[in-house]
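K.L.:
Sequence:
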Amino acid sequence: MKLTFVFFCFLMITVFTGHAQLTFPVPGRPDNLSQLQVDQLLANGQLNFDGLRFDNKRMEFINFDKGSFRGTTFYTCTLNDGIARRKMSEPDRLDFEDANFIATKLKRVSIYNWKFLRTTFLADSITDAEFKNCMFTENKFYSSYLIKVKLNNGLRMAFDNVQFYATAFEGCTIDSIKFNGGAFSNEVKFTSTNFNAVEFFNVNFMKVGSLSPVKFTGGCSFRNVKLKSANLESVILGDAPAGMWISKLSYENTIWRNGMATASFNDSCIFSGQAAQLQNINFTTSFFNSAVFGVQNAVYKLPIKQCRFTNCSFGPVTFFNCDLEGTTFPPVTVLQAAGVRFINCLNAPYNSTP
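Take the sequence shown: its position 336, counted from the start at 1, is 337 in the working numbering, and no numbers get skipped.
Don't read these hints as lab results, they were simulated from the structure.
Glycine included, every Cβ here is placed at the ideal spot set by N, Cα and C.
Mixed in with the good hints there might be a few duds.
Unchecked claim - Computed cross-link-like contacts, EDC-like style, restricted to lysine to aspartate or glutamate with a CA-CA straight-line distance of at most 20 Å:
| hint | residue 1 | residue 2 |
| --- | --- | --- |
| 1 | Lys106 | Asp56 |
| 2 | Lys58 | Asp82 |
| 3 | Lys306 | Glu234 |
| 4 | Lys106 | Glu61 |
Claimed, not checked - Across the chosen pairs, the derived CB separations fall in these ranges:
| hint | residue 1 | residue 2 | range |
| --- | --- | --- | --- |
| 5 | Glu171 | Tyr351 | 19 to 29 Å |
| 6 | Asp129 | Ile271 | 47 to 57 Å |
| 7 | Gly316 | Pro355 | 34 to 44 Å |
| 8 | Gln36 | Pro317 | 58 to 68 Å |
| 9 | Leu118 | Gln297 | 41 to 51 Å |
| 10 | Thr329 | Leu118 | 39 to 49 Å |
| 11 | Val300 | Val335 | 27 to 37 Å |
| 12 | Pro317 | Ile148 | 28 to 38 Å |
| 13 | Arg119 | Val300 | 13 to 23 Å |
| 14 | Leu118 | Gly340 | 43 to 53 Å |
| 15 | Phe62 | Asn281 | 47 to 57 Å |
| 16 | Val300 | Glu171 | 35 to 45 Å |
| 17 | Ala299 | Phe62 | 50 to 60 Å |
| 18 | Asn203 | Pro332 | 22 to 32 Å |
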């Protein structure tokens, strides 16, 4: 049994992204089904919901593997405890291609080995969900809120041309994901996106060849974020004049090369780890207050090489056991007046008394 539908009806939903008013067409044919009918259909097996718009429906304990959802829109729906757990990706399946999740709540959904192609998430709440070994390509997230979401791809699949606008991450775990930058029309970008208590493990933020890097722009913020064993290549953090707010950042064994930052680093941001590295980073007009680079009594030197702090402003900041080869700073008098200390560092402007 199959149900086949086509697009013919559009609603309009308006969302404020923090910078502009976004009016978004809501596609799909209304389901015109009762809640009981929806429950019976979703439990019935191999059904085709392509192009259908579910309006204000509850979908609980659903096995999404049983249906086709190409171009399906979930509008003001509630999806609780749904599962879509495959053992491996299926190339011939369309998955959630061209699907839309709009003003929808997804809670405790588990999705393994699925593809999200040209999928839009708009004004959604996604809570306690898990996406494992999924492929995200040409996706857009607008004004969505992700709470305690787990993303783990084992570095096998990348996020390509995935863009986030006015979206918030709260207590999420992002593990072994590749975020690949690309051409202007195929780039990964975070605009006005906030990260609070997010843990990034083994994550790669990479640009593809000589194309666009991964960008965090429009006043993003990192609060109480952990970057552990991550790799940032040519990443851009913040843009003038909005900049970026970073506080209580734990930067552990992470490598960041050839990037740029216009940011305010506050409240004990700590850069450490024997495998950590910062190289050829232009910090432009960033501000550092209560930041710590390196570890006291460390047996290694933290490489901070060919970086530019020249036009930065400083509060009390300490560099412990760092190798600052080729790195430039404001004049010594400015650093000393701000309370900047260099302790057991190589190539430092001066070394302070411990």
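K.L.:
Compare the structure with each hint and give your call.
P.N.:
Checked hints:
1. Lys106 / Asp56: This hinted pair holds, its Cα atoms lying about 12 Å apart.
2. Lys58 / Asp82: holds, 14 Å
3. Lys306 / Glu234: Holds, at roughly 15 Å.
4. Lys106 / Glu61: Between Lys106 and Glu61 the Cα gap is close to 11 Å, so the pair holds against 20 Å.
5. Glu171 / Tyr351: 19 to 29 Å: The hinted range 19 to 29 Å is violated for Glu171 and Tyr351, with Cβ atoms some 42 Å apart.
6. Asp129 / Ile271: 47 to 57 Å: violated, 29 Å
7. Gly316 / Pro355: 34 to 44 Å: violated, 19 Å
8. Gln36 / Pro317: 58 to 68 Å: holds, 60 Å
9. Leu118 / Gln297: 41 to 51 Å: holds, 49 Å
10. Thr329 / Leu118: 39 to 49 Å: holds, 45 Å
11. Val300 / Val335: 27 to 37 Å: Holds, at about 31 Å.
12. Pro317 / Ile148: 28 to 38 Å: Holds - the Cβ-Cβ distance for Pro317 and Ile148, about 34 Å, lies within 28 to 38 Å.
13. Arg119 / Val300: 13 to 23 Å: Given about 50 Å between the Cβ atoms, the range is violated.
14. Leu118 / Gly340: 43 to 53 Å: Given about 52 Å between the Cβ atoms, the range holds.
15. Phe62 / Asn281: 47 to 57 Å: For Phe62 and Asn281 the Cβ distance comes to about 51 Å; the hint holds.
16. Val300 / Glu171: 35 to 45 Å: At 37 Å between Cβs, range holds.
17. Ala299 / Phe62: 50 to 60 Å: holds, 52 Å
18. Asn203 / Pro332: 22 to 32 Å: violated, 40 Å
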